[in-house]
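Protein chains: 2
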Amino acid sequence: MPSGPLMVIGGAEDKLRRRTILREFVAASGGDRARIAVVPTASSLGPEVVEVYDALFRREGAADVVAVRPQSRDDAHDPATVALLDDVTGIFMTGGNQLKLSAIVCGTPLGDAIVGARERGVVIAGTSAGASIQSSHMVAFGGPGSTPKQRMTQVAAGLGLLESSVIDQHFDQRNRYGRLLMIVAQSPQLLGLGVDEDTAAVVERDERGHEMMRVVGRGAVTVMDPARITTDAFEAKRSQPILASGVVLHVLPAGQVFDLTERVLVPPVPQVDPGEAAEIAEAEQDLRQLARDIAAADADPIVLRRRLARRRGRPSHDPDGAPA
Amino acid sequence: MPSGPLMVIGGAEDKLRRRTILREFVAASGGDRARIAVVPTASSLGPEVVEVYDALFRREGAADVVAVRPQSRDDAHDPATVALLDDVTGIFMTGGNQLKLSAIVCGTPLGDAIVGARERGVVIAGTSAGASIQSSHMVAFGGPGSTPKQRMTQVAAGLGLLESSVIDQHFDQRNRYGRLLMIVAQSPQLLGLGVDEDTAAVVERDERGHEMMRVVGRGAVTVMDPARITTDAFEAKRSQPILASGVVLHVLPAGQVFDLTERVLVPPVPQVDPGEAAEIAEAEQDLRQLARDIAAADADPIVLRRRLARRRGRPSHDPDGAPA
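Protein chains in written order, with my numbering: chain D, 1 to 324; chain S, 1 to 324.
Hints are all accurate, no fakes.
A pair holds if it fits inside one copy or across any two, identical chains being indistinguishable in the list.
With a cut-off of at most 20 Å between alpha-carbon atoms, the simulated EDC-like pairs for lysine to aspartate or glutamate come out as follows:
#, residue 1, residue 2
1, Lys237, Asp273
2, Lys237, Glu276
3, Lys15, Asp32
Think of the hints as simulated: they come from the structure by calculation, not from any bench.
Please work from the sequences and hints to get the whole structure.
Structure below.
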């Protein structure tokens, strides 16, 4: 069985209106056959968070929702807790404090069971802290700012579901360019993935074994590729800005697909403007008519020109007011 | 005479402590022979701003400071106002509203006199709004956020002192990646320059005519090079995130030099760690002594090894606690 998709959600996914991301998660987990485990360990709340997601997932048609809520590494070793994941089709890790989540779950039977579940096809989703923990190298915490500075953030070990990349979330909203640039400058074999709120990076392995990422939701996913970086991260002092020259950026809105293994954009399909398409179709029709008229040899040029002008006089399409 | 340097300052330059940038400006303007014009038109204040900079520049040793304060395009056509720039060696444009500044100054005799002053070697500095106006294509205003969105900012025409680039300021502090990315996605012949607070991009033309930028101050200058961008900026709707894939980033702290014409980093000189250098020098000395001892043929290996161990027993240097 192919491994299940990862859904790396940038936090604050819409819960009331469009619910694009939660819907996609439940659908990917099997829709009305979905059995979902909610892991709220990152949160300082507990049953309240589970109640919210329980209601949300059932509203989207999920068959069953179960809470898996270890509060200590002992809990995460408890076979009864681990067994809760045996027959789920989707796992959802909530937001909160990713270092609390990783400190309790990583390297325990429960952590291993999450990784194992993905290998048998289960969808693994996480939002905010639950997104961060999916990478091998996890942003533990850090400050805001656009400019990378030497000690502005801290890395810890995550679940390792995504090995190519380090994940940051609330990216558009919380000014996190600096901390993600600092991390990739210090670890240039990693890609940086900055996921906006109400946005998800959906990562699936294709038949070649490549990690293919598709963007879903309201914002964008920003990919930082430091493969050819020039940096002084190995000698910059204290909290000084660091040199990070030659990082390639990809800002990817919904619908875009990026190959995380090859580090290239899958070329987008150009969008055809419906107004422009209608105009071209009309012009082609005019030309065919003109050719027929000429062939029929009733071809007084003035008559032809007037007929064309009448046809063209119809209002044209401009549905959006976009620049011409 | 070669054209004068531009100092593009990201706002909030230090005025009380190190004063790195204001010092560099006065020194470049001639030190105790500096005659400086302050243009406070962007500011909603007026005489107060001039008083502050008057005091600051005189404290750094400037010979004279004069206010050039047009409040309308008529003022900017007044020959008496324009004549104030005749014998200055430095011009300093304050912060405030760059659209007010450009609306009053650009395309007037005063605007032409600023451009002309640079051509005869005068230093042209601007902070915040006064920085923005230096480019040909000027950020007029716009919202914050890391992700570029279709209508998040507005471009107007600036003074045109810097043609290769569009300038944004308060870059680290105000989360302005998105708006600068939007602009370069729509105008990929331009570089984006994001200048942090208390930081300056100092741009001078070299003998080849290249615009060479050197970074001064506490933060960094971020260069966005969209030469190879893939974008949907020409068809993205309303305020949606736009695709901006393949933008090359250069985050440049103080001391770095970047060729804006060729769009390449001038390779930094690697720093030598003083502790490491001392250790290597010592090891070389040991080896020379060993060679002498062997050559002198008093070479009992045990004696030699003990002697070496005694020398090595001295404490080694680790002044900074940086990673080994």
